[in-house]
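Q: Turn these sequences into a full structure, and let the hints steer you where they fit.
2 protein chains.
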Amino acid sequence: MAGTQPARGTRDFLPDDIRRREYVVRIVREVYERYGFEPLETPAFENIETLLGKYGDEGNQLIFKILRRGEHEGKGDADLALRYDLTVPLARVVAQYQNELPRFFKRYQIQPVWRADRPARGRFREFYQCDIDAIGTTSATVEAELLAAVSDVLGRLGFEDFTIRLNDRRVLTALLESFGIPAPQHADTLVGIDKLDKIGSDGVRRELESRGVDATAVAACTGFFAGFPLRRDARADALASLSAQIGDAAAQPLSDLLALADRTAAGPRLLVDPSLARGLSYYTGAIMEIAVPDLAGSLGGGGRYDNLIGMFLGRDIPACGFSLGLERIIVVMTERHMFPARVSRGAADVMVVFLADQLRSEALALAAELRAQQLRVDVYPEAARKLEKPLKYAGSRQVPVMAIVGEDEWARGEVTVRDLQTREQQSPARSVAAMRIAEIVRLVPT
Amino acid sequence: MAGTQPARGTRDFLPDDIRRREYVVRIVREVYERYGFEPLETPAFENIETLLGKYGDEGNQLIFKILRRGEHEGKGDADLALRYDLTVPLARVVAQYQNELPRFFKRYQIQPVWRADRPARGRFREFYQCDIDAIGTTSATVEAELLAAVSDVLGRLGFEDFTIRLNDRRVLTALLESFGIPAPQHADTLVGIDKLDKIGSDGVRRELESRGVDATAVAACTGFFAGFPLRRDARADALASLSAQIGDAAAQPLSDLLALADRTAAGPRLLVDPSLARGLSYYTGAIMEIAVPDLAGSLGGGGRYDNLIGMFLGRDIPACGFSLGLERIIVVMTERHMFPARVSRGAADVMVVFLADQLRSEALALAAELRAQQLRVDVYPEAARKLEKPLKYAGSRQVPVMAIVGEDEWARGEVTVRDLQTREQQSPARSVAAMRIAEIVRLVPT
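Protein chains in written order, with the numbering used here: chain A, 1 to 446; chain B, 1001 to 1446.
In short, the hints are calculated from the structure, not lab data.
Glycine included, C-beta positions come from ideal geometry on N, C-alpha and C.
One should not assume that every hint holds.
With a straight-line cut-off of 20 Å between C-alpha atoms, the simulated SDA-like cross-links for lysine to any residue are [claimed, not checked]: (1) 1075/B - 62/A; (2) 392/A - 1438/B; (3) 392/A - 1137/B; (4) 75/A - 1048/B; (5) 1054/B - 1279/B.
Facing chain B, a subset of chain A residues (Cβ under 10 Å, in silico) [unchecked claim]: (6) 57; (7) 75; (8) 367; (9) 377.
A: Structure below.
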């Protein structure tokens, strides 16, 4: 007999999992649409040449490749590959529909991606990404709008303690130059700085020196970053330190964006953090990342990347995007009990039980009446001479009320309504049964 | 430069496509949950042995297989395969979680599946399936509930002219026996009968004779079916014909289900159709299919299949299910203009435009105010000295109103609001701008 587990690194999503994800996704969609972003979905697989060579050597090895079919199958060639992220498909869409898409293309996309990573706690081979991107302009208004939208999403989800760390790739470059670090060492240096909150100032110093960065430059670098991050309300000081180090003009992209975003929902959340690096090769301007206290890692991040979306067109197309860590958000919200009770309510509001086979169609008629009153109704499918099994089943599905169709009550035009928490029973007329049940369901703290 | 089309047989879903699908899916989910069904999702790929051998030779060849990774890649072996339908994953889930699932497991599942079919008009290699199944009981109440749920879904979607063709595999067997057709020829005969509405009575006769069915039996068969289908309101006659041919007892499963389903939402839709066959190998009891006038093929179908869901457990588990043709429903609804106007409304209700760079943050502040009033707001990201480009852009995104932030009006605490259909302009105070815009948006027949 074949094994029945899902494939390694993948998950079955049972009802409660899906309800939690749908709750988050609905809010994300509502907010993003209120910001004028539109949904896009692309196929699970792409022609293999669309994906290969786009994610570096390491990425290439993590791509799931699909065998050619039919007579070619024996050769072991692959012609298709599963989506590895949502950015390359977006770039393909921008190229394919360039004449149909609006001048500024603002899309969000919430779909699974697949990576043949070694599975680990919280790391899966199939997981959802939730991206929002604005294509076609270098205007910082889109950075500000993205920051506002993401803040609105997290606010609506109930996060009250998040910080948006803000930096700019151009500011970082100016900083490294000011420390006397030559351009060829910038990438290495940024990898080190990125670990500041993990390995501390001394750790960064050792790492940079081991990578051959000049000791004086390293001292200037760690000395400067020792003053950061400042608190959110010390923005002016943070910008002043930056200006003192690299000059007003070089700090301007960051101070401009800060001023712009300050009057949006993101305002109170913004933290100027020159040590934020975010895998730099990709980004060309503003970079941002969301931090929550007590949580290593982030709830999402993004920035401006002006040289990537045009990859299939052979020319640069400006773009700015943000990726919410959907799976992470769900984990944190679950741990913190942030989901409203209705998200984990049971499978139905009421279970209809009939006591004899000849009452089946009466039970179905009652179920239809109750559903017409907006109740979610399950029908225990088999005649129950005793209530033991239906009660157990109702418990397993977390159904709070039972409506029992028995011969005598039915003849009298009544239904027995049983509150499964209090075990109280009443026998209202059928015409008011839905109302009685609704009263109980609203009272039950599900 | 790589091609930028989606892989053969797959589609990119642009915003309007997604809005239409989401509209249908939301109604399906709402109705199915009102019937006590719960959502399930399974991974895109399964271990290859989970899928191989489950779909016959033809199916096996249509399965997309995924190459082993790393050092095994060169060998061309496959260890994973893309989901081919939603039934085998359901059977796996039933086996895997048998101790956690409720006694009767009622789930719906709406996810894409992948088949390496030759693409054709309306046939894709990636397409959505929308299944609902009740596992664990042989009670006909679940057939009746499925029929009711599906009828509710189609009613809520606006279908007013659909018919549910109803038959039973046991009735079919009794019929074929009554014609004198031996059991080994039943499968062939049913393939022929299934084509009745396509090739007519003479066509079926020729086909059956060519398959070696005895001429007298064929004559009995085509003679009987010539009397069908009767109209929906001639159910009693249909059942009487059946009873006359095979006896009351053999016709009982069908007459029982009809009586039971008659008092549900499905009642007025039901058509007794003994010629309905639906690829019989799979089904063991009731079978059903939805027909719409002017549409070849169906909007969905299903039935009881008591020997399949237990495939991974090595024992029979009763089950009854229905698969809505989601993609088909969307096509028909689009052709018939059945989607409400709001489904295809533009990307935003209003586009904020600012006339000079120094008004950027005022524009963002206005956008935030309008969004707080539930409006969907796009911001034209760049300062517009002339309105030509913003107007063109608003047109391409079907945005009906423009809110223009100019220096003078802003100083007076006003905003210019322009109705892009009538070209009328007004300059309300900012505090009432949202209300003015809402008035225009509600009036515009989007």
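Q: Is the shortest C-beta separation between residue 367/A and chain B less than 10 Å?
A: 8 Å, holds
Q: Is the hint on residue 377/A kept, meaning its closest Cβ partner in chain B is under 10 Å away?
A: With Cβ-Cβ at 6 Å, under 10 Å, it holds.
Q: Assess, step by step, whether the Cα of residue 1054/B is no farther than 20 Å from the Cα of residue 1279/B, and give holds or violated.
A: 15 Å, holds
Q: Can you verify the interface hint for residue 75/A: is its Cβ closer than 10 Å to any Cβ in chain B?
A: At about 7 Å, which falls below the 10 Å cut-off, the nearest Cβ of chain B leaves the hint on residue 75/A intact, so it holds.
Q: Given the hint that residue 75/A pairs with residue 1048/B, test it: the Cα-Cα distance must not exceed 20 Å.
A: Between residue 75/A and residue 1048/B the Cα gap is close to 18 Å, so the pair holds against 20 Å.
Q: Does the structure keep residue 1075/B and residue 62/A at a Cα separation of 20 Å or less?
A: 17 Å, holds
Q: Checking one constraint from the list: CA of residue 392/A to CA of residue 1137/B, max 20 Å. Satisfied?
A: Distance of about 16 Å is within 20 Å: holds.
Q: Given a cut of 10 Å on the nearest C-beta pair, is the interface hint for residue 57/A held or broken against chain B?
A: 13 Å, violated
Q: Check whether the Cα positions of residue 392/A and residue 1438/B lie no farther apart than 20 Å.
A: Answer violated: residue 392/A to residue 1438/B is near 51 Å, above 20 Å.
Going through the hint list in order, the structure does not satisfy hints 2, 6.
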